[in-house]
Amino acid sequence: MVREINRPLVDARPDGVFAVPVDQLAELTAKRLAEGDRLLTLVGTDERETGQGFGLWVVFLTPEGGVAQLRATLDSTEPRYPSLTPRVPAVHWDERELADLLGFIPEGHPDPRRLVLREDWPAGLFPLRKDFDPGRVPPPTRRDSFPFTPLDGEGIGHIPVGPIHAGVIEPGHFRFAAVGETVLHLEARLFYTHRGIEKLVEGRTPSEALPLVERICGACSFSHALAFCEAVEAMSGTSVPSRARWARTLCLELERLYNHVGDAGNICAGTGLAVGAMRGAHLKEKIQNLIDRLVGHRFLHDVCAIGGLRRDLPKGALDEARTAASVLREETGAFARLILGTDSFVERLRGTGALPRETVHALGGVGVAARASGENFDLRRDRPSEWYSGLAPRIVTQTSGDVEARLKVRLDEVDESWRLVQALLDAEPAGPIRTTVELTPRPRIGVGIAESARGALVHWLMIDSAGRIQRLRVRSASFANWPLVAAAVPGNLVPDFPLINKSFELCYACLDR
Amino acid sequence: MLDLFRQRLISGRATNAFPRAVEAPPPSFRGMPRLLEDRCAGDAACAAICPARAIVVRPLSTVGWTWTLDRAACLGCGRCVEACPNQALAVENVFQLASASRDSLRNSIVVGADVAEDDAERQRRILELGEKVRNQTSRLFGRSLHLRHLDVGSCNGCDWEINALLNPVYDLQRFGVDVVASPRHADGLLVTGPVTRHLEPALWATYEATPEPKLVIAVGACAGEAGFLEGSYAVAGGVDRRLPVDVYIPGCPPRPEAILHGILLAMGRPR
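Line by line, the protein sequences are chains L and F. Going by the numbering used here, the letters in the first sequence line up with residues 1 to 513, in that order. Going by the numbering used here, the letters in the second sequence line up with residues 514 to 784, in that order.
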């Protein structure tokens, strides 16, 4: 599976896996990123049973749209390695997660606190190790504690918020250090909805794992299913029928649409613009109804299958969708003009939560949040899968990186997605909706990537010799972008935090898994 | 500013007629499975493929077997329907499945033998219990119910459907029901998610902060049973592992009208 390299990496095949010495991993990673690669994911594996120790994998998207992987072997008893974070800050959370779940020791990491697991979790117990004993998991505590960064001084107040919030939103704890109304520092404590899904799918076949994978996140369900299925299809060399690729693209765009429109409405709610909030909620409902009629589910659960889609899209619903798409495109356009034409609203957004491009780039931001700061990156163009290469999606960017920019990117993407949906509905190919996927049991690796509503979503999948899942690592757009939120808030007013947070609109469930 | 007023004037009425009229789900809607007894061969292919462990096929001591579907666990994914070699499962178009009794959500069917007496007796007891709960809650909360949402580890799907109840189409407030910001202002909790290890402290804090008497409504397949997450080191399972639950609303996620139906049931309103 893994080839040793004895020649310089520039000669490497774009889709290869290369074994590198662990002490060179940080340097080679930084070099590839400087030369134009993008970081897709960082993965840790426990391959001690097959005599390959612990594996640390860095996965890149090459400028040509290929996937390249570096793999270093860590010691089976003491998996220490020089931390990549000082040179590649984008992996700072990945390394902390691996320390929690696999017991890797990133030496020189600037923040060695726990990230995923809590303080009451026993030392030396690592759930993603193959010899993990669930019997050693103690009952959960009734009280929570966490060593927040101490920030004390004259006039500095601390405001704890969450994990249960005033609205109907997901759980997370935020600790503000503020001087008067101005935030000095924000620390987020997340992973409250950690369900251990990556561990739970180990030992299952990919088809058994799929219903769990698409329930990692309710609002990004189709993206997760698609990335996972693409990973399986990539490792088996399956070519998915054209009608299936067409229908998947349609589903992915509809998922983006209901999310983006709902998010725009929620940004209105964050400023108290009730008309915009209700209009956004109503339009989201209409788009979900359209999805419901097409696939029978308002969140696209259980629609995608390995090799295509579970069921074909009914003809009647497709005809309805053609009419509905043009009506809804008009309505969302009018909604965008209405809210962007409301000066009192736009003034609240302008300059709020501004994030410079350099910060986004250094932290490896993706999706709407990155494009709003001027990062011109969208997998639909930069690694076109499914039906995207023929559609030439227009990539929307802004430069100011504030709440207004993130809203405008979303609203422009809504119009572009409707254009794609209409183009898809006008070019419906015939043929089967699914093909069978033969996965002869032998060890394999597959990478599946999708541009979800929130940005690049990566599923890295390793299958063992019995055809069962050895390791799944899911790096969602929310994983990449949560650190951006903490970077965007300092210097803003405390009451603007909900607005800034809504402008990123990240999933907690996508992050926590 | 004038545009905002204009928008309000032209947008008209969006609210649906629930509960007078319940809109049928679309033809492609995949509800929970229904057993066609005369076709069932008892091979349990459905139970084997179910990702949520919602189906149990158990042989009886003499002849026949029982086929049991736990609606609190069922994800409505339809894999059992596809897997059955005898086409003995059909998709049910029903989605308003909320119940005050955990037991009544276990849909048990005896195949190839006479229905046992105690099963009929059990059904009668469940109905009686339901009526009792209904009378009590109707007296306390029948006219107005203020709920606090408590996410104990959901994927966000149920949360978004609760949010949808606040949109102009479902307009939860017209029933005297609202979602309030603090448990101290609440008559009950609307719980979503499978009680993760990391949210237990928040679960206890929120529950204890809600004044008595209080209702607990478990929304969705995670809060109901979390069968598909069974075996995880990070999850305790359904909400009733920790709190007394008054009403269960099955579905993954339950459609907004199913949640509305469950909330009205908790108020003792549907007759």
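There may be inaccurate statements among the hints.
Stated by the list, open to error - Which chain F residues face chain L? A few, computed with CB under 10 Å, are given here:
#1 Phe531
#2 Pro540
#3 Trp578
#4 Thr579
#5 Ser667
#6 Cys671
#7 Thr719
#8 Pro724
#9 Glu725
#10 Tyr746
Keep in mind the hints are simulated off the structure, nothing from the lab. We put the beta carbon where it would ideally sit given N, CA and C, even for glycine.
Here is what the structure says about each hint:
Given the 10 Å rule on beta carbons, the hint for Phe531/F is violated: about 13 Å separates it from the nearest Cβ of chain L. For Pro540/F, the shortest C-beta to C-beta distance to chain L is roughly 7 Å, which falls under 10 Å, so the interface hint holds. Residue-level restraint check for Trp578/F is violated (minimum Cβ-Cβ distance to chain L is 24 Å; threshold 10 Å). Proximity of Thr579/F to chain L is violated relative to the hint, the smallest CB-CB distance being about 25 Å (cut-off 10 Å).
At its closest, the beta carbon of Ser667/F sits 7 Å from a beta carbon of chain L; the interface hint therefore holds under the 10 Å criterion. Evaluation of the Cys671/F hint against chain L yields a held restraint, the C-beta minimum of about 7 Å falling below 10 Å. Given hint, Thr719/F at the interface with chain L, holds; its Cβ is 6 Å from that chain's nearest Cβ, closer than 10 Å. Restraint check, Pro724/F versus chain L: the minimum CB separation of about 16 Å is more than 10 Å; hint violated.
A cut of 10 Å between beta carbons decides the hint on Glu725/F: the least distance to chain L is about 19 Å, and the hint is violated. Given hint, Tyr746/F at the interface with chain L, holds; its Cβ is 5 Å from that chain's nearest Cβ, closer than 10 Å.
When held up to the earlier numbered hints, the structure conflicts with 1, 3, 4, 8, 9 and fits the remainder.
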